[in-house]
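Trainee: Taking the hints into account, I'd like the entire structure generated from these sequences.
Number 160 in numbering that gives the first Met the number 0 belongs to position 161 of the sequence shown; there are no gaps in the numbering.
Some hints could be false.
[Unchecked claim] Derived BS3-like pairs: lysine-lysine, alpha-carbon spacing no greater than 25 Å straight-line:
| # | residue 1 | residue 2 |
| --- | --- | --- |
| 1 | 135 | 55 |
| 2 | 142 | 55 |
| 3 | 219 | 55 |
Think of the hints as simulated: they come from the structure by calculation, not from any bench.
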Amino acid sequence: MLNNRVVHENSLLVFAKYPRPGKVKTRLTPPLSFEEGADLYSAFLCDSLEVYRRQKDCFESVLYLSDIHDADFAIDLLEHEDVITGSSTLDLRSQQGDVLGERLVNAFRSAFEGGSKRVCVIGTDHPSLPIGYVGKAFETLEKNDVVIGPAEDGGYYLIGMSTLHPELFVDMPWSQKNLYEELVQVIDEAGLSLHVLPSWYDVDDEDSLRKLMSSVGLRKIAPRTAQVIDRLESIVGDEKDEP
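Mentor: Here it is, written out as C-alpha coordinates:
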(Lines of atoms letter the chains of each structure in order from A; the text may use other names.)
(Lines give C-alpha, C1' and ligand atoms only; values in the text may rest on other atoms or scores of the structure.)
Protein backbone atom coordinates (compact mmCIF):
# COMPACT_ATOMS: atom_id res chain seq x y z
CA MET A 0 0.00 0.00 0.00
CA LEU A 1 2.10 2.83 -1.33
CA ASN A 2 1.38 6.51 -1.21
CA ASN A 3 1.02 9.16 -3.90
CA ARG A 4 3.15 11.53 -1.89
CA VAL A 5 1.91 14.92 -0.82
CA VAL A 6 4.93 17.12 -0.17
CA HIS A 7 5.42 18.11 3.47
CA GLU A 8 8.01 20.68 4.52
CA ASN A 9 9.26 18.28 7.22
CA SER A 10 10.24 14.72 6.31
CA LEU A 11 11.25 11.95 8.72
CA LEU A 12 13.08 9.17 6.90
CA VAL A 13 12.85 5.94 8.89
CA PHE A 14 15.74 3.59 8.07
CA ALA A 15 14.86 -0.03 8.77
CA LYS A 16 15.21 -3.65 7.74
CA TYR A 17 12.58 -6.31 7.36
CA PRO A 18 12.74 -8.39 10.58
CA ARG A 19 14.19 -11.55 9.10
CA PRO A 20 15.53 -14.07 11.67
CA GLY A 21 19.32 -14.02 11.81
CA LYS A 22 19.57 -10.64 10.07
CA VAL A 23 18.44 -8.29 12.86
CA LYS A 24 19.45 -7.79 16.51
CA THR A 25 22.46 -10.05 15.99
CA ARG A 26 24.23 -8.70 19.10
CA LEU A 27 21.32 -10.07 21.11
CA THR A 28 21.47 -13.55 19.56
CA PRO A 29 22.42 -15.17 21.90
CA PRO A 30 20.97 -14.96 24.52
CA LEU A 31 17.93 -14.65 22.26
CA SER A 32 17.25 -17.06 19.42
CA PHE A 33 17.19 -15.70 15.86
CA GLU A 34 13.38 -15.87 15.93
CA GLU A 35 13.17 -14.00 19.24
CA GLY A 36 15.54 -11.34 17.95
CA ALA A 37 13.35 -10.91 14.87
CA ASP A 38 10.21 -10.70 17.02
CA LEU A 39 11.82 -7.98 19.12
CA TYR A 40 12.93 -5.98 16.08
CA SER A 41 9.49 -6.41 14.51
CA ALA A 42 7.92 -4.89 17.63
CA PHE A 43 10.45 -2.02 17.58
CA LEU A 44 9.64 -1.32 13.93
CA CYS A 45 5.86 -1.39 14.33
CA ASP A 46 5.76 0.60 17.57
CA SER A 47 8.19 3.23 16.30
CA LEU A 48 6.54 3.69 12.91
CA GLU A 49 3.10 3.91 14.50
CA VAL A 50 4.25 6.70 16.83
CA TYR A 51 5.99 8.57 14.00
CA ARG A 52 2.95 8.36 11.73
CA ARG A 53 0.72 9.90 14.40
CA GLN A 54 2.72 13.13 14.05
CA LYS A 55 1.52 13.81 10.50
CA ASP A 56 0.71 17.43 11.31
CA CYS A 57 4.38 17.99 12.24
CA PHE A 58 6.13 15.81 9.66
CA GLU A 59 5.62 13.10 7.09
CA SER A 60 7.15 9.67 7.67
CA VAL A 61 8.87 7.75 4.88
CA LEU A 62 9.97 4.15 5.48
CA TYR A 63 13.32 3.33 3.85
CA LEU A 64 13.93 -0.42 3.69
CA SER A 65 17.43 -1.82 3.25
CA ASP A 66 16.10 -4.21 0.58
CA ILE A 67 13.14 -3.25 -1.61
CA HIS A 68 12.47 -6.95 -2.27
CA ASP A 69 11.14 -7.07 1.29
CA ALA A 70 8.53 -4.39 0.59
CA ASP A 71 5.57 -6.75 0.26
CA PHE A 72 6.58 -8.61 3.43
CA ALA A 73 6.89 -5.31 5.30
CA ILE A 74 3.48 -4.11 4.11
CA ASP A 75 1.91 -7.40 5.19
CA LEU A 76 3.51 -7.07 8.63
CA LEU A 77 2.42 -3.46 9.11
CA GLU A 78 -1.13 -4.25 7.99
CA HIS A 79 -1.28 -7.28 10.29
CA GLU A 80 -0.15 -5.11 13.22
CA ASP A 81 -2.62 -2.35 12.27
CA VAL A 82 0.13 0.20 11.71
CA ILE A 83 -1.46 0.86 8.33
CA THR A 84 -5.20 0.30 8.20
CA GLY A 85 -8.14 0.94 5.94
CA SER A 86 -7.48 3.94 3.73
CA SER A 87 -4.17 4.84 5.38
CA THR A 88 -1.14 4.72 3.14
CA LEU A 89 2.60 4.37 3.52
CA ASP A 90 5.41 5.98 1.58
CA LEU A 91 7.89 3.11 1.32
CA ARG A 92 11.21 3.34 -0.52
CA SER A 93 14.48 1.50 -0.92
CA GLN A 94 17.80 2.61 0.53
CA GLN A 95 20.18 3.26 -2.37
CA GLY A 96 23.94 2.85 -2.08
CA ASP A 97 26.65 0.33 -1.26
CA VAL A 98 27.51 1.72 2.19
CA LEU A 99 25.52 3.50 4.89
CA GLY A 100 26.97 6.92 4.11
CA GLU A 101 25.83 6.69 0.49
CA ARG A 102 22.41 5.49 1.55
CA LEU A 103 21.95 8.41 3.90
CA VAL A 104 23.08 10.99 1.35
CA ASN A 105 20.79 9.56 -1.33
CA ALA A 106 17.79 9.52 1.00
CA PHE A 107 18.39 13.11 2.11
CA ARG A 108 18.88 14.21 -1.49
CA SER A 109 15.65 12.57 -2.61
CA ALA A 110 13.68 14.30 0.14
CA PHE A 111 15.14 17.73 -0.57
CA GLU A 112 14.68 17.35 -4.32
CA GLY A 113 11.10 16.30 -3.62
CA GLY A 114 10.37 19.62 -1.95
CA SER A 115 11.05 19.04 1.74
CA LYS A 116 12.78 21.90 3.56
CA ARG A 117 13.81 20.06 6.72
CA VAL A 118 14.76 16.39 6.71
CA CYS A 119 15.68 14.01 9.52
CA VAL A 120 16.77 10.38 9.43
CA ILE A 121 16.01 8.07 12.34
CA GLY A 122 16.13 4.35 13.03
CA THR A 123 13.91 1.97 14.99
CA ASP A 124 16.28 0.78 17.73
CA HIS A 125 14.84 3.07 20.44
CA PRO A 126 11.11 2.40 20.88
CA SER A 127 10.94 4.37 24.16
CA LEU A 128 12.40 7.55 22.63
CA PRO A 129 10.25 10.56 23.61
CA ILE A 130 8.50 11.67 20.44
CA GLY A 131 8.99 15.27 21.53
CA TYR A 132 12.67 14.92 20.69
CA VAL A 133 11.75 14.35 17.04
CA GLY A 134 9.43 17.34 16.98
CA LYS A 135 12.17 19.45 18.55
CA ALA A 136 14.58 18.34 15.83
CA PHE A 137 12.41 19.84 13.11
CA GLU A 138 11.81 22.98 15.15
CA THR A 139 15.53 23.60 15.58
CA LEU A 140 16.17 23.12 11.86
CA GLU A 141 14.28 26.35 11.23
CA LYS A 142 17.34 28.14 12.66
CA ASN A 143 20.18 25.59 12.40
CA ASP A 144 21.95 23.75 9.61
CA VAL A 145 22.18 20.41 11.41
CA VAL A 146 20.55 18.65 14.35
CA ILE A 147 21.86 15.50 16.02
CA GLY A 148 20.42 13.20 18.65
CA PRO A 149 23.46 11.55 20.26
CA ALA A 150 23.19 7.92 21.32
CA GLU A 151 24.69 6.69 24.58
CA ASP A 152 26.87 4.20 22.69
CA GLY A 153 28.76 7.00 20.92
CA GLY A 154 26.71 7.09 17.73
CA TYR A 155 23.51 8.99 17.05
CA TYR A 156 19.83 8.07 16.93
CA LEU A 157 18.81 10.99 14.69
CA ILE A 158 20.43 13.37 12.27
CA GLY A 159 18.70 16.17 10.41
CA MET A 160 19.59 18.96 8.00
CA SER A 161 17.97 22.03 6.48
CA THR A 162 20.04 21.63 3.31
CA LEU A 163 22.09 18.71 2.05
CA HIS A 164 25.68 18.44 3.29
CA PRO A 165 27.11 15.19 1.85
CA GLU A 166 30.47 15.74 3.54
CA LEU A 167 28.91 14.72 6.86
CA PHE A 168 28.69 11.13 5.67
CA VAL A 169 32.04 10.57 3.97
CA ASP A 170 34.57 8.19 5.57
CA MET A 171 32.80 8.20 8.93
CA PRO A 172 33.53 5.54 11.60
CA TRP A 173 30.16 3.83 11.33
CA SER A 174 29.19 1.63 14.29
CA GLN A 175 32.17 2.92 16.28
CA LYS A 176 32.06 4.63 19.67
CA ASN A 177 33.60 7.83 18.29
CA LEU A 178 31.06 8.38 15.49
CA TYR A 179 29.26 11.25 17.22
CA GLU A 180 32.51 13.00 18.15
CA GLU A 181 33.85 12.69 14.61
CA LEU A 182 30.60 14.02 13.16
CA VAL A 183 30.59 17.06 15.44
CA GLN A 184 34.17 17.80 14.38
CA VAL A 185 33.24 17.62 10.69
CA ILE A 186 30.26 19.92 11.28
CA ASP A 187 32.47 22.41 13.12
CA GLU A 188 35.13 22.36 10.39
CA ALA A 189 32.43 22.98 7.77
CA GLY A 190 31.24 26.06 9.67
CA LEU A 191 27.71 24.73 10.08
CA SER A 192 25.39 25.60 12.95
CA LEU A 193 24.41 22.64 15.13
CA HIS A 194 21.73 21.85 17.68
CA VAL A 195 22.21 18.81 19.91
CA LEU A 196 19.16 16.97 21.25
CA PRO A 197 19.11 15.11 24.58
CA SER A 198 20.95 11.81 24.40
CA TRP A 199 19.09 8.49 24.27
CA TYR A 200 19.97 4.83 23.92
CA ASP A 201 19.76 2.26 21.15
CA VAL A 202 18.71 -1.24 22.17
CA ASP A 203 21.46 -3.39 20.67
CA ASP A 204 22.80 -5.55 23.49
CA GLU A 205 21.80 -7.16 26.79
CA ASP A 206 22.53 -4.09 28.92
CA SER A 207 20.42 -1.78 26.77
CA LEU A 208 17.65 -4.38 26.57
CA ARG A 209 17.56 -4.57 30.36
CA LYS A 210 17.38 -0.78 30.47
CA LEU A 211 14.41 -0.87 28.11
CA MET A 212 12.76 -3.56 30.24
CA SER A 213 12.95 -1.25 33.26
CA SER A 214 11.26 1.64 31.42
CA VAL A 215 8.26 2.94 33.33
CA GLY A 216 5.27 3.27 31.02
CA LEU A 217 6.70 1.10 28.23
CA ARG A 218 3.39 -0.70 27.76
CA LYS A 219 1.74 2.59 26.84
CA ILE A 220 4.60 3.95 24.74
CA ALA A 221 5.47 0.75 22.87
CA PRO A 222 2.82 -1.94 23.50
CA ARG A 223 4.13 -4.53 21.04
CA THR A 224 7.63 -4.20 22.45
CA ALA A 225 6.30 -4.62 25.99
CA GLN A 226 4.42 -7.73 24.93
CA VAL A 227 7.52 -9.32 23.42
CA ILE A 228 9.60 -8.39 26.47
CA ASP A 229 7.07 -10.16 28.69
CA ARG A 230 8.08 -13.38 26.92
CA LEU A 231 11.80 -12.65 27.12
CA GLU A 232 12.15 -11.79 30.81
CA SER A 233 13.25 -15.26 31.85
CA ILE A 234 15.87 -15.33 29.07
CA VAL A 235 17.42 -11.94 29.73
CA GLY A 236 17.15 -12.49 33.46
CA ASP A 237 16.12 -9.09 34.75
CA GLU A 238 12.99 -7.53 36.13
CA LYS A 239 11.20 -4.54 34.73
CA ASP A 240 9.10 -2.01 36.55
CA GLU A 241 5.40 -1.96 35.76
CA PRO A 242 3.90 1.35 34.71
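Trainee: Each hint should be assessed against the structure and marked as holding or not.
Mentor: Here is how each hint holds up against the structure:
At roughly 14 Å between alpha-carbon atoms, residue 135 and residue 55 fall within 25 Å of each other, so this suggested pair holds. Between residue 142 and residue 55 the alpha-carbon distance is near 21 Å, which keeps this suggested pair within the 25 Å criterion. Proposed proximity of residue 219 and residue 55 is supported: the alpha carbons are some 20 Å apart, at most 25 Å.
The structure is consistent with each of the numbered hints, conforming to all of them.
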